[in-house]
Amino acid sequence: MQSEIETVARTNLARVLESDVAPQDIDPDQDMVGTYGLTSLNKVLFLMAACDDAGVDLACFTEPDVAAMSTLRDVTEALSRHAGKAA
Amino acid sequence: MSDSVINHIASRAPSPGGRVSFFRLGGTRTMELTELHTRAGRLALWLRDLGIERGDRIGVIAANGLEWVLLDLAAIRLGAVTVGFDPAKFDTDTGLRERYRLGVLFTDGPARAPGSRALAEIEVAAALSDDGRVLEPVVYSPDDVLSLKLTSGSTGEPKTLTASVGSIDDDLRAVQEMFAHGDGDNLLVFLPLSVLQQRYWTYSALRWGHDVTICTYEAAFPALRAIRPTVVMGVPGFFETARKHIEARMRGAGADTDEATARRDGARRLFGDRIRYLWTGSAPASTGTLAFFEDAGLPIFEGYGLNETCIVTKNHPGAHRRGSVGRVLPGKRVILDAEGVIHVHADHPVCAGYEQAPPGVSERVFAPDGTVRTNDIGHLDEDGFLFVHGRADDVIVLDNGRKVVVRPLEERMKASPAIEECVVFCPTQTRLVAVVSPAEDASGPDLERAVAEQLALTNAAFGPDEQIRAVVVASPRFSVGNGLLTSQLKPRRGRVLDAYRSRIHDTEGGIHAVRD
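If you read the protein sequences in the order shown, they are chains A and B.
Mapping to the numbering used here: the first sequence position 42 is 282, numbers consecutive.
Mapping to the numbering used here: the second sequence position 220 is 226, numbers consecutive.
Chain A with its partners taken away, still in its complex shape (with noise of 0.2 Å):
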């Protein structure tokens, strides 16, 4: 069962891709941007606004996090470590 976030994390990286995917297709291992075309720009408004619906502050992201989070299950996983700590 996905958690709350995972959702979050699906719904919003659906959003912004170009490709017609439905959130609960997207494969959570697979490379964001070779697999799904996700640009620079639009790898920072999904975590804006997932961070944003998961309750969780943006600014605990430096830039080396965020190029680091390659797949969903990074996004998932980050955006969980620090969801409730939002200030």
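Keeping only pairs whose Cα atoms sit at most 30 Å apart, straight-line, the calculated BS3-like set for lysine-lysine is:
id : chain 1 : residue 1 : chain 2 : residue 2
1  : B       : Lys496    : B       : Lys250
2  : A       : Lys283    : B       : Lys496
3  : B       : Lys165    : B       : Lys496
4  : B       : Lys250    : B       : Lys95
5  : B       : Lys165    : B       : Lys95
6  : B       : Lys496    : B       : Lys409
7  : B       : Lys250    : A       : Lys283
8  : B       : Lys95     : A       : Lys283
9  : B       : Lys496    : B       : Lys95
Just so you know, these hints were derived from the structure itself, not from any lab.
Since chain A is already given, all that's left is putting chain B on it; use the hints.
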């Protein structure tokens, strides 16, 4: 040159009050402009100790940050010439020093090449304690060179041209007259500082006392929320991404709010609540995106200029006409030749010609008096607003002698949400054929129906010589990876033609609105 902006910032400290901020995810560093000026002066002395003198070239290959700004300002204080390299396109091991005659090259990557130095040295040098030495102020004349520009050619080595102090002063004064940046303003800069115009906004802050915030392209959206700028210095691709994001959030928000309110709220949520205006340039913005932001309550002003001309025209709060790129700036003159090609004359030209370019190229672009042939087609309306229709290369001459400018047709086709890019060809001098790249990797009857509907709308809007007879749907979509888009995400017309030549010439295939 008593009113020279460059001489002003080279010779005196800014008035107290203004600040420069460097935004990164995870933290923002803010510094008074007076402190920035002091540190740039110390760095200039350190550079002089390295042997850098007036007229020497300082190369910078680094992401946007404090060190970049300090180096540029120190160069101005010394009379040295800044040469910015986009780190996404260059590395230090490619003979940059020799090719561009650099005295020194600073990099935020590994400083492996001979004569290159680590950018990390900059902040240390700028923070050295005052040893009592005083830097003699440099005085520039309008023809002096402040920076070397590299043009972003789609193939081969970039062309280079020097940028004169007079041309930069003219730009900065004209922009200030139009937009009156001042106390309370905070200009967000996220495009590479290797582009001279992106460094203008720090010069403007030092001269007129407003705030400026600098970050990387990737950090631009979080910066908007964190710093709440009053002005965003962007490009069409950035605003297009923002628009799509706001629209997607609107679709996900349900039907509780009317569309106009949802758009306004979405724009405010992304851009903050202090936006005075959005600046766009360097490529044509789509009319849909311009209208979207205007309707959302965020004025957006498009302009026109090339590396070779600096800013030629600009819409602004006092003179704005939708669809145009604004009126001609003081000190510039637009001349349209018999073919409608735009030529630009400037009181203070950027330069007299390319410093490095293939044989004959400089002579084709620069006239002996410095007038630049832009190769863009346009017209001036009765009130002096310039409208750019496309590149001269994009004009098709039909067998009846009539000329068709294809960009308006392509823009109209791209107004469909199903179509991301469109390139129009004329394979037989009588018959226009469009190749469209769909907005999504999709095919099938829904896409074909959407394309056919847009084709019918486009043809209904244009005259008999401008009818598109058939549309070829590209598969896969145009991309940088398959070579059909440039790194600036513009279609490569020649390569699209090569890739779809047989289908373009096939009178039976494709999607037809009007049968031949």
